[in-house]
Every structure is written in C-alpha cells, then in structure tokens.
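Engineer: Now for the letters of each chain:
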Amino acid sequence: MNTIQKKIFTLTSVIVVIMMGIWIALSLYIRQTHDQYNEILQRYLVLNEANEDSQTLITELNNYLYDPTPANMRKIEDSESAILSMESQIWELGHVENEFELVNYIHLMDSLMATVQRSISLADQEDSEAAFREFSEATRIANYISDTKTSLVETEIETYDVVYRGIIARSTEVNRFGIWLILLLTFTLMMFSYMLSRSITRPINQLTEAANTLSLGDFEKVVTVHSNDEFSFLAKTFNRMRLNINNLILEIQKQAELEKELQDNKILLHESQFRSLQSQINPHFLFNTLNTISKKAYLEGSQETSDMLVNVADLLRYNLKSLDRSVTLMEEVAILDRYMAIQKARYTERLIFLKDIDDTLLDSRIPALTLQPIIENAIIHSVETREEGGKVTFRIKNDRDFIRIEIEDDGPGIAQETSDRLLDGSYVSKEGHSTGIGFINVVKRMQLFYDSDDLIQIESKLGLGTVIRLFIPKQRGVSEHV
Amino acid sequence: MNKLLSLFALLTLSVLGYLTYVSAESIINTEWHEPLPLSRENQHYRLVLISQDSDTPFWNSVAKGAVERAEQEGVMLEVLNNYGKNDEVFLSNLELGIHSRVDGIIVQGLDEEAFKELTKVKAAFYSIPIITIGEDVPMEESLRRTYVGSDHFLAGKLIAQQLIADMGETGEVAILLDENTHYYQTLRMEGIESILKLYPDITLIKVPTDPSKDKVMATTQNLLNQYPDIEGFIAVNADAASGMIQEISRRKQIAPLYNYSFDDHADIDSLMQQGKLDAIVAQDPEKMGNWGVGLLIEWLEGETVPLDFDGYFTPVRIRESQDGL
Chain A
1 MNTIQKKIFT LTSVIVVIMM GIWIALSLYI RQTHDQYNEI LQRYLVLNEA
51 NEDSQTLITE LNNYLYDPTP ANMRKIEDSE SAILSMESQI WELGHVENEF
101 ELVNYIHLMD SLMATVQRSI SLADQEDSEA AFREFSEATR IANYISDTKT
151 SLVETEIETY DVVYRGIIAR STEVNRFGIW LILLLTFTLM MFSYMLSRSI
201 TRPINQLTEA ANTLSLGDFE KVVTVHSNDE FSFLAKTFNR MRLNINNLIL
251 EIQKQAELEK ELQDNKILLH ESQFRSLQSQ INPHFLFNTL NTISKKAYLE
301 GSQETSDMLV NVADLLRYNL KSLDRSVTLM EEVAILDRYM AIQKARYTER
351 LIFLKDIDDT LLDSRIPALT LQPIIENAII HSVETREEGG KVTFRIKNDR
401 DFIRIEIEDD GPGIAQETSD RLLDGSYVSK EGHSTGIGFI NVVKRMQLFY
451 DSDDLIQIES KLGLGTVIRL FIPKQRGVSE HV
Chain B
1 MNKLLSLFAL LTLSVLGYLT YVSAESIINT EWHEPLPLSR ENQHYRLVLI
51 SQDSDTPFWN SVAKGAVERA EQEGVMLEVL NNYGKNDEVF LSNLELGIHS
101 RVDGIIVQGL DEEAFKELTK VKAAFYSIPI ITIGEDVPME ESLRRTYVGS
151 DHFLAGKLIA QQLIADMGET GEVAILLDEN THYYQTLRME GIESILKLYP
201 DITLIKVPTD PSKDKVMATT QNLLNQYPDI EGFIAVNADA ASGMIQEISR
251 RKQIAPLYNY SFDDHADIDS LMQQGKLDAI VAQDPEKMGN WGVGLLIEWL
301 EGETVPLDFD GYFTPVRIRE SQDGL
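Each protein sequence line maps, in turn, to chains A and B. Counting in my numbering, the first sequence runs from 1 upward without gaps. Counting in my numbering, the second sequence runs from 1 upward without gaps.
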C-alpha cells in the first residue's frame, strides 16, 4: 500500500536527486572548462616565459661583459638552466601544426646559449671586440626568438581557433540546454505535483460526495474511491459503516412494521367482536315486553314469576349497555346475583352457589360482563351436565396489589392443553352462552383493558373441579407480576 | 476534456524531452580535434625556402612547386619571403633559418657580401646545406651545394636570337641592367653579348639603372634623348620592363620597336597581353621549386652526394606576344 507520506517523500527525493545530478554535472563541466582554459593559458605563459628568459640571458651577458665577476657568471648560468628547463616544457607544447616554429624556437635558444658561451670565452681570452661581435649576434638571435615567439603565439591562436570556438559554442549550447532542462523539469514536476495533489484531493472529494449522499439518507450507494493509499482504507471503513447503518435501519423498519401489524390486528379484533355483539343483541323490544309481563304477573299474583322476569330484564338491560365500558365490581356482583337467581330458579337444588365477598373491595372497576361468562361456564360444566348437580363458589379476596376473584366449580375439570388454549385465545368454543360472550372474549378484553397477559389463571384437576382466578389490579395500568 | 489535457501534457513533455535530448547530445558531441602531439624522436626534415619578391607570379610558382613536393615527400617546408626587394629582411630571414638550425635551406641567390658571409660562414658552421634557386651565386663565393633554376646564359642567348630574328641584323639595341650587379643578370648579359657580337652592325648600349620605376623612367628618357634611333630594348632586369615601356610609349609608337624581357616580374604578364613586349623568356619556376626540394632531400638522405656543383637547369623558352608584333 502506498501511503501519502511515501508518495510525498518519493517526489521530494526524486527532485533532490535530479538537482544533485544537475549540480554535479555542472560542477564537472565547469571544472573541465577551467582545466581547458588553464591548459591554454599555460601554453602562452610558457612560450612567453622562455622568451623572457632569453632576454634576461642577454642582459646578464651584457652585465658580464662589462663586469666579468663570478657573481654575474652565476647569473648567466642560472638563466641558462632556466632556459634549458623551459626547453623541455616547450617540447611538451609541440604538435603537428606548430612543429616547425617550435623546433625553430628551441634551436634558436640553443644557438643563443652557444653564442653566449662563445662570447664569454672570447671575453675570457680578452678578445673584447670579438666578444662584443658575438654579443651583438646573441642580441639578434634573441630578437629572432622574440619574432618566433610572436609567430608561435599566432600559430597557437590559429590552431586553437577551433578549440576556442568549440568552447564558446559549447557554453552557448550549455546555456540552451539549461533552459530546456529547466523547462522540462518545471513541467515534469508540475505534472507530478498535480498528480500527487489529485491523488490526495480526488479521494477526499469522493469521500465528501459519499458523505453528502449518506447525509441525504441514501444508504444504498456504494462508496467508491480510486486510490491506493490511506484513503482506500478510509473508504472501506466508510463503506462498512454505511452497510451497518443500512442494516440497522432495515431492522428497525422491520420491527416497526411488525408492531404496526400487531396493533392493527388488535383493533380489528376489538371492532369485530363489538360488532358481533351488537348484532347479536337486539333486545329493546324484548326488554320492554319482559317488563310488561313482569307487571302483569305481579298483578295476577305470581310474585315469583314477576321477580324472575325483573331479573331477566335487568340482566338484559345490563347486557345491552356498551361492552367496552367499565363498571364497579359492586355492579358486576349485583348483576351476577340476578343471574344466579335466574339459574337458581332453573336448577333448584342441583345448583349450590356459595359467595365469599370482601365488601371493601367492591369499588374497583373492571370491564363489564367479565364475571358472568365465567360463572356461566362453571354452571354449564358442573351443574348442567350432571344430574346430581354441582357447587359453584365465588370469592372476592384482597391479594396485596390485586383483587383476587375466584370462581370454583366441582365439575369434571379441563385438560391442561385446553386451558392453555383458552388463555392464548386459540380455543373455539361451541357452547352457547346467554350473553353470546365466551371465556375467550373475557380473556382478550381483560388483556386489552389492563394491558397485561397474565391476569387470568386456570387451575383444574380432572374429575375434581376447576378454579379460575382473575387478578384485578387495584390501580389500573399497574401490571406488575404477582 | 481530461483526456485532451493529458494528451497535451504528454505532447509538451515529449517535445521538451526531445529538445533537451538534442541539446544534451550536441553538448556531448561538441568535440574539437586537438592537434596531434609532436614526436621528439621521429622528426621530419625542416626545410626553408627563402626568397624576395613574394608578390610575383614567378616566386609564387616556385613556392607552389616546392610546397607540393614537400607535401609529397612528407617534409616540413617553411616559405620565408618578403615583398619587393628588401635585402635586410631577406638576409634576416636567412639568418633566422640558419640559427634555427633547419635541415636545409633553399634560397634565392643574392650577389652580396652579407649573403655570402651568411652562407659561407654561418651555414657552414651549423653544416646546413644551401641550394640556390632561380638566381645563382657562384659556388666558390657561397659554398652552396648546387643551383636549381634557369640557365640564364642560355636565356640571354635565346632572347638575342629572337631579337635578331625580329629586328634584323642592324640597329641599335639598349639593354637595361640593374646598377647593382646580379650574377644572373650578368649571365643573361653574357648570353646576349655572345650572340650579338656575331653581328657587327648591331650596336649594343648597356644601361645600368636603379630598378625603381622613377629612376627607370628617367634613365629611359635620357636614353631616348641620347639615342633617338634605338629600335630594340631588352630589359635584362625584368623589374625595369614596366617603367621602360611606359616611358617609351610616352615618346614614341610602341609597335615598331622591339621590346624584350624576362618573366620574373609581376608586370610582365600584363605587358605581354597588351602586346607591348614582343617576346619574353619563359622559365619554369614550379619545376624549380619542386626540383630544389627534391634535390635537398636526396642530399640529406645521402642518395646523391655530392650534388652537381654546376647546377640543375630547368627549361627556358621564348614566349612571343599573342598578336605577334
């Protein structure tokens, strides 16, 4: 993986290496040129120095001829050895172009020294006239040396003309090269810098765009970043985050949907039951008729029949009221008494009904028609089916936060499976009820009313009887477990 | 757009790269050829050709022949010369050559003491061989190895014969000489005289003169005053021909006169073309140069030792004017 740091570092190192390369090449070039210049200058200097040495020799000879002391003699010897050493240096300067003049130059210096020697020996022999003749010849030779030097220098200039022009042309060429190189480098570096900056900014832009898309709520679009550095990592992380958020949202949506469905179902159930109840009960006429019959029976002296009819009418009236109203426990118990009176009339001794009621608890409110269907069930199973009759016990007891209502019968009992199905509402009863309201309806209404599932218990032993317990919260909405 | 931009960038990059490459290549290829170094052991012969009158076609041809031969033989030849007649520069060139201890000297002979001194004493001191060219100096006086050039005695005879053939056997003939004696002029003179003395009706008038133009014209003027009937003019000294012709043409018709000279001066060619000279002696200067170098090398190599002291003569012939007057 290329990191951004690595990229920047590479670019900088490349620049540094290129600059160093140029610097080294330039230094080498300048040094080479310097060497060339030095070499050329050296040639002229050597040529000139030899000439000067020759002139010095003439001066020394002149001094010696006028003043022949060993000191002056030594000076002549010094000059001569200087000339000799120059000669070997001059040989080094030789090339094909200047061969003739160069050899002339050297031979002229030899001739000069020979002439000087002759002049000295003539002077030593006291032949001063001959010595001065040789001296004037030496002077002429020195002039020839001068002339030859001049023509040598001219030859040098001619010969090296090409070289000089080459050097000049080359430096011009180097200048031009420098300009092109600078242009090339500038352009290349600009391009690389652009590419580098783009490789950084482009992923940022892409990320920004992706972030924008995300913030607008589009979690479906895949984040794509063309990069091979940290940004690709960032993009991957970003993508993962996006997927996670997307999954979470989907989950929440699913849950919400489920919840909504549930709610809808409940409302539907409620409504349908209510409607079915409404449609079943159309008893106004019947109720009025019952009252009329009751009065007639009373007038005709049938006290008992009249009371029964009143009971039936009251029961009907109670039942006609809306099913979703709440009533006090007292009312519920009162209507239960009327119902039991009717049943008592029907079953006579076969039905034993026992009540054990804590009167202090009768102010609590419960859904209407809760107790009657349960009692009815108990009567159906324990009394109606059995010839010897049965016993139904009804209790209202205080049980801490709850009012415990127990309906006990001594019937054949119900199977555990059936009682479970009764509680979760999946049991379909075939028995006809006076109110048209079955046990399951009670269970569901309790659940809806108290918003709690476990307020009803069924305890049954096969052949011994069944106890149904309702737990009514003293405060509505409090649904803590017992 | 983006594609276009990168294409443009790539194009610019390649153009710049190419230009930089071309520039770099031209720097690397800027080479100069340093002259070849000198070998101290394997030295070529160093010869000098020393002459005066470097401005004349004659001496240019001599130098040309010599240089050609030197290149052919692979020896170094330096031509030292001076414009016009300048004995001082000429002699110092000779002295320079001698003190430079060249291997051989080819020199235009100069009939003068200083010249003889240099060749006899100095050159002999360094044992440098000297060959005279074009003009000779007697061997006894110069210790030259040999002479290469025209047989001036023969040239004199040829011109005299031409004169007789053109003019006839009677008449006055003026001969212009350099007032300083030159060996070659003396030889030419002798050649002419050797012929003309056979014709007693021909009067020979020798006129020595300074070779400068003014003097030549003055001399010619005097001559014409003194001898108005002169029919033939021979400029033994070719330098005098131009002045002589100019003066004559001021005074007389050139055409009926008989004018002769030699080819060793720059003006001769144009005078010939104008038909003012009837005939000249043509020499072969290129051959002189060529031969001179060859002989010197032969001597140095020891192939021909000694060289013929009498000299090696190059051919001479009469060249008549184009219009034949």
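It is worth saying that the hints were derived from the structure and are not from the lab. Check the hints yourself; a few may be wrong.
What the hints assert, rightly or not - Here chain B is said to cover these stretches of chain A; the calculated rule only asks that three of the stretch's residues, wherever they fall, bring their Cβ under 8 Å from a Cβ of chain B:
1. 89-100
2. 185-194
3. 296-307
All of these numbers come straight from a predicted model, not from anything done at the bench. Built from N, CA and C at the ideal position, the CB exists for glycine as well.
Engineer: Hints first: check each against the structure and report whether it holds.
Structural biologist: Status of the hints after comparison with the structure:
1. 89-100: holds (count 8)
2. 185-194: holds (count 3)
3. 296-307: violated (count 0)
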